[in-house]
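Chains A and B are the protein sequences, given in the same order. Per UniProt numbering, the first sequence runs over residues 1 to 498. Per UniProt numbering, the second sequence runs over residues 1 to 81.
If you're looking for bench data, these hints aren't it; they were derived computationally from the structure. Keep in mind that the hints are not guaranteed to be accurate.
To be verified - Straight-line alpha carbon distances no greater than 20 Å define the calculated EDC-like cross-link-like pairs of lysine to aspartate or glutamate that follow:
(1) A:Lys74 to B:Glu57
(2) A:Lys74 to A:Asp258
(3) A:Lys97 to A:Glu277
(4) A:Lys454 to A:Asp470
(5) A:Lys74 to B:Glu26
(6) A:Lys236 to A:Glu277
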Amino acid sequence: MPTPSTSNPTAPISGCASGRCGSSTQQIDELDASTAQRVQDHPCYSEEAHKYFARMHVAVAPACNIQCNYCNRKYDCSNESRPGVVSEVLTAAQAVKKTLAVAAAIPQMSVLGIAGPGDALANPERTFATFAELSERAPDLKLCLSTNGLMLPRYVDQIAAYHVDHVTITINCIDPEIGAQIYPWIFWNHRRVTGREASEILISQQQKGLEMLVERGILVKVNSVMIPGINDQHLKEVSRVVRAKGAFLHNVMPLISDPAHGTHFGLTGQRGPTPQELKALQDDCAGDMNMMRHCQQCRADAVGMLGEDRGAEFTLEKIEAMQIDEHAAMGRRIALRAAINAELAEKRAARHAASAQVIALHRATVSPGRPVRMAVASSTGAIIDTHFGHAKSFRILEVTADSVHTLGTRAAAQYCGGEADCGEADNTLARTLASLADCEVMLCSRIGIEPWGKLEAAGIRPDGSHAMEDVASAARAVWQAMLESGQLANAPAHQRRA
Amino acid sequence: MALEIIAGCVNCWACVTLCPHQAIIEAQPHFLIDPLRCTECVDAHATPQCAAICPVEGVIVNELGDPLNPPGSLSPPARFG
């Protein structure tokens with residue numbers, strides 16, 4: 001499958017309890033200085049940046065040279081949002097035109113990625129032609145690509161030549177026995193190779209490619225798909241190895257295996273992990289390596305801020321009609337980026353000052369109330385702007401007296417948006433509730449009366465009173481109200497039930 | 001002597017860049033092979049390249065109509081347990 005363009009880390013984080021540290025603002029602060037500087041305006045790598053910066057993927061890479069059991073090369077549905085899904089395949093010239101149009105309309109655009117829908121390096125002509133032209137015409141944009149790694153060693157020098165500074169490799173295993181259960185075949189040296197031999201070649205190419213990129217100073221993120229019963233335990237070892245080789249981030253994503261997608265895993269009943277299983281593995285890996293938890297597993301042609309997709313505004317037909325002043329657009333982007341980075345630097349400085357104060361206060365006071373997990377319906381993660389029933393995913397926050405920490409995002413069970421018509425609305429809601437079982441509060445802009453009742457019955461209190469407010473401020477206010485009403489003296493409802 | 005793409009092709013493009021004779025035609029509802037250009041790769045490779053990367057069983061056939069990737073040939077082996 002096309003490697004999801006979601007994205008990756010380096011040295012062990014010190015002074016941070018594993019399990020509390022996502023790719024949070026704190027984490028970015030603690031990356032080494034040069035890496036932090038390079039990821040600060042990349043929405044996929046920095047949880048902080050993704051509220052301010054936008055990214056897009058251009059679908060110039062349709063072909064793929066391996067088969068993954070979690071991928072179906074056939075699927076193309078504009079209602080779906082997941083890696084490998086794309087609406088229109090572009091030539092390099094079309095991709096350049098689209099990128100310049102989007103970057104003129106959305107000055108927050110900072111990153112252009114090639115993530116499929118096949119494999120970026122199985123389509124080297126289109127991929128590198130796109131990079132070549134954009135590095136001339138929009139040199140301020142960061143370029144990144146995602147790959148399964150099979151052809152990586154051959155193209156590392158070209159990747160370096162176009163100043164691509166972020167590469168994502170999807171590495172699901174380093175053991176060919178496990179690989180044989182994930183990859184039925186690869187295309188290698190003009191022939192199809194199957195079974196264990198296929199995985200031996202793929203794994204060896206991935207590891208070699210990773211080493212070569214790190215040698216050249218190119219940031220490498222590793223994506224892994226967590227497949228319960230196949231590679232879930234093994235991914236801890238993968239995390240250790242890729243970190244030792246210099247990957248700067250490891251992004252463990254859940255297997256998506258809806259039978260309706262027609263993948264081998266979907267059709268044979270291989271299940272994906274529960275949110276709790278995913279978090280447990282991410283926690284285990286976080287002891288070794290920076291983890292990234294705000295990954296949205298977006299489409300290979302996603303456009304806009306993370307968590308939104310404005311692709312429909314920029315179809316080929318529409319961009320043909322747009323008049324673009326490339327130079328002026330680049331000026332606007334550079335100015336906006338400078339202003340945002342100055343603002344973020346100020347916030348960072350304030351945060352460090354505040355954390356010093358918090359430590360002092362903690363010593364003097366008694367425990368200020370337990371952490372509360374909340375789910376938020378928000379299109380961008382910044383404002384509570386989404387109706388519960390329209391949310392495609394929920395951000396999961398852990399709120400304490402002095403912090404609002406993002407644990408990750410969870411998809412709402414709502415793939416086609418048309419399930420209500422399929423008579424499956426109840427089933428969909430039940431699946432959503434199951435994925436939010438550990439949350440106590442649902443922050444959303446509005447919610448229907450029926451789901452309201454079901455959420456309450458599941459021990460999740462819906463709260464629409466903070467509509468259109470800033471997520472972090474609202475979460476703090478809700479936590480404070482719970483503290484004052486004595487609700488934080490008891491364990492959360494879901495733990496009492498257990 | 002030429003291969004043919006038949007219904008079932010999912011237009012994934014994998015064969016297009018591999019064909020040594022640029023014989024694959026981007027078409028709807030599915031891609032096609034130009035019979036005047038296709039040599040079945042006998043002059044270029046040990047095995048026809050389109051069939052060696054095609055992810056779908058049964059959609060590339062020879063002049064007899066026999067699939068180069070017959071049913072079951074690309075499926076992962078069944079899992080036990």
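Do the hints match the structure? See the list:
1. Proposed proximity of Lys74 of chain A and Glu57 of chain B is supported: the alpha carbons are some 12 Å apart, at most 20 Å.
2. Taken as a hint, the Lys74 of chain A and Asp258 of chain A pair is honoured in the structure, with Cα atoms around 15 Å apart against an allowance of 20 Å.
3. Simply put, Lys97 of chain A and Glu277 of chain A have alpha-carbon atoms about 42 Å apart, too far for the 20 Å limit, and the pair is violated.
4. Taking the CA atoms of Lys454 of chain A and Asp470 of chain A, the gap is near 26 Å; set against the 20 Å cutoff, the hint is violated.
5. Among the hinted pairs, Lys74 of chain A with Glu26 of chain B is consistent with the structure: their alpha-carbon atoms are about 16 Å apart, no more than 20 Å.
6. Simply put, Lys236 of chain A and Glu277 of chain A have alpha-carbon atoms about 13 Å apart, close enough for the 20 Å limit, and the pair holds.
Going through the hint list in order, the structure does not satisfy hints 3, 4.
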